[in-house]
Structures are given as structure tokens and as C-alpha cells.
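Keeping their order, the protein sequence lines are chains A and B. Note that the first sequence ends on residue 161 in the UniProt record's numbering; no numbers are left out. Note that the second sequence ends on residue 268 in the UniProt record's numbering; no numbers are left out.
Simulated from the structure, these hints should not be mistaken for lab results. C-beta: ideal position from N, C-alpha, C; glycine also. Hints may contain errors.
Just a sample of chain B residues kept apart from chain A, beta carbon distances all over 10 Å, derived [stated by the list, open to error]:
no.	residue
1	D24
2	P101
3	S225
Just some of the chain A residues that point at chain B, by a computed CB distance under 10 Å [as the list claims (entries may be wrong)]:
no.	residue
4	C60
5	G101
6	R117
7	G119
8	N120
9	E130
10	N134
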Amino acid sequence: MAKISLIVNGNPVTGNVDPRTLLVQFLRENLRLTGTHVGCDTSQCGACVVHLDGKAVKSCTTLAVMADGHEVKTIEGLAADGAPLHPMQEAFREHHGLQCGFCTPGMIMTAIDIVHRKGNELDDHTIREELEGNLCRCTGYQNIVASIAAGAKAMAKSDLA
Amino acid sequence: MYEFKYHRPGTVRQAANLLVKNEDAKVIAGGHTLIPVMKQRLASPPHLVDLSHIEGLNTIEMKGRSLVIGATAKHAEVATSAIVGEAIPALANLASQIGDPAVRHKGTIGGSLANNDPTADYPAAVLALGATIVTNKRRLKAEEFFQGLFSTALEADEIITKVMFPLPKKAAYIKFRNQASRYALVGVFVARRPSDVRVAVTGAGSDGVFRVEAYEEALKKRFSSKVLEGIDVPAEGLNSDIHGSAEYRAHLIGVLTRRAVDAANAKE
């Protein structure tokens, strides 16, 4: 077993984990942060995307021990319970950017990462290219793309960026 | 995944010592090939030596006339580095096409080279640019480093520390993606170097990355896609699978090389 300590959604957490524990397992099973999903489990679908030191990564392909000493943000960390949603979450709600919702946490964490890297004015082509690592089997992407474009603009006016 | 012990050395020397001490130990940095392979139980190293916390191992800098990239530089760092963009834009462009954004935040140049996947992008750049791979023990030329499918000249306790790229006069990389996996069905890196031209192909060879000498000789005389018309690449030795026949891949090598030469010429 290996002792790890990291910051998750702003809070220091510790754990005693088998080194083969994936970051996504640690988040879901040890911390009960079940917003991060396991879809393909082969680093293709992006349902498990979280931010590690501020950058989008696939938590199904990251060992929890490798995150020791680092900072993780999950979908639960975007807005406090009962508080207004993060502008990207709000944009997905407003533009109906989801159907079954399984891919949504990964889509939103990826979308915020795109805004951090590419800015608040995103054209459709850029969004579609940047969504290469996130699969949705319901929507056909149209509303996801619309949500991200709107969410990116809204983030410019928000403190929750 | 089978059980293993995790080590996080602070220096390359400590990492090398761990490899000597622990037989069958594997090096990990981004983990974006090794973790999937371990999950499938195709690899079961009893020890993992994590290089990702060794300071200074991801430095990107110019040293004389060479671009030097540290082994743990991530694909995203190479893709967005102003130094790489200035020195060898084709290399930044190649890095920007690996995997997807989340993969590029983790995967490293050293990991990609040490793994030598026959469809990986970096081997084509390293071979075409005539890069030198620097390890904790020695310097290896690209042509001695790559030794066929998933195999390299690296010894069990040898660690890549950096890659030195001599600056080309012109270069370009064009990749034709497998529509499902997005890996290179064929990728061609063309480099016009001060003394010669190199054309390196990934994705197509059944023995990994290779050079196309017939194209190199023709391009050395005149660096124009026109001189390649009529020179066919033989299909022997190329991969043939459900994604494309050897003949199809041979055809693609011709098309992509011409496109790469045009792209390199267009960048003036």
C-alpha cells in the first residue's frame, strides 16, 4: 500500500492505496466523488476527464499514486451544492447539451480546459477538433458544440472561470 | 492490472539505480501506453519507476544549432512551445496531432520513443531529422536507436534523458489517420537538411519506422514534389490489415510524401 495526499476540489485529502489504483477509482470509490465516470476505460471516450494541476487528463489512465502531491478538480468542484451552476454547466443545461448525461462530466471538464487554452471565443471547427477525445453516443454533438460556444462566452463574465 | 511497487526517484541517477536493483522494473512518465497495456495484463512489471517528478527532465531549449527536448516533455508542451515553433515548426505540428488534448497533457516524447510503436508519430520525426537520442549512458543516432517493432537499442537500465534535433532547412509532417483509432495509418516526415534530404515513414512498415531512399535521392537533386512522380514504393514489407492493404499503404506513402514536400516548400 502507498500513502498519498493530494488536493481534491480545494480540500486536502489523504489515502492509503494499492499502487495499481487508478485516479478515477480513488475519486469514485475512496472519496465517493461519483460524478467522474468510467466509460471505455481505455483512454478514448473522455467520460473520466478531470483537471490535474489545471489540465484536462483522463483519470482512467492515471495512477492515483502519480497524483500524490498534486491538485485535482472534478465536476463536483465546479460549483458548491445549492450555489448557482458554473457557467459551462449552465450552458449545457440551457442549450440541452446532454441526453443520457453519462459523458457530460467529461465533456464539461474538457470544455473548460478548451476555454483555458483557446480563449472565450470558440468557433465550431475548433470545438469539434478539441472534442476529439470525448465521445457522446446520444446527441450527435450539435448541442454540445453549441453549449461549449455559449459557455465559453459566459465564462468571460464569470468569477467561476 | 497486476500488483507492482511504485517508486518516485528525484534524479535520473536514482531512477537508473532502481532499474539496476529491481529486475523487470519499467519506467513510467505519462503512462499513456504503459497503463493501458498493464490494464490488459499484456505487461506486468513488478516495479514502476516514475520519471515524471525528476526536475529539469522536461526542459525545451536551443543549444547551439540544435533543438534539445527533455525526455519528459509532454506532447502539449512541445506543440505549444515557442522555441519549438520557431526552430522546427513541423515538430510542433506533429506533436499537436498526437492522440487528443487530454492525452497530450500526459504523454511524453521519451515515452513515445522508448515504446517505438509502429504507428507512433515521433519516430518519423526523429529519423527524418537525424536526431540524437541521449541517455544516461550514451548518445544514440536515430538509425541505431530504432530496432523494429516495439524494440529499441535501449538497455534494461538505460533511460532517455533528452533528444537533440539538428535544425533542418525545411520540414513537414503529413499524417493519414485511421478513422477509428486516429493513429497514423501512414505518416510521412520529410526533412530537407543542410547536406541531404530524409523521408521517414511511420504506420506503414511491418518492422516500424523506415526511410524511403529512392525518394531521398530524387529530392536531394531537386526538392519538389514533381520529381517523385512515377517513383513507386514497393508494397513488400508493408502492413496489410483490415484498415488497409500493403498496396494501399504504399500508394499513401507516395501521396503523403508529395504533400509533405509541398507543405515544406509552402512554409517559406
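Legend entry - List of violated hint numbers, smallest to largest: 2, 5, 7 and 8
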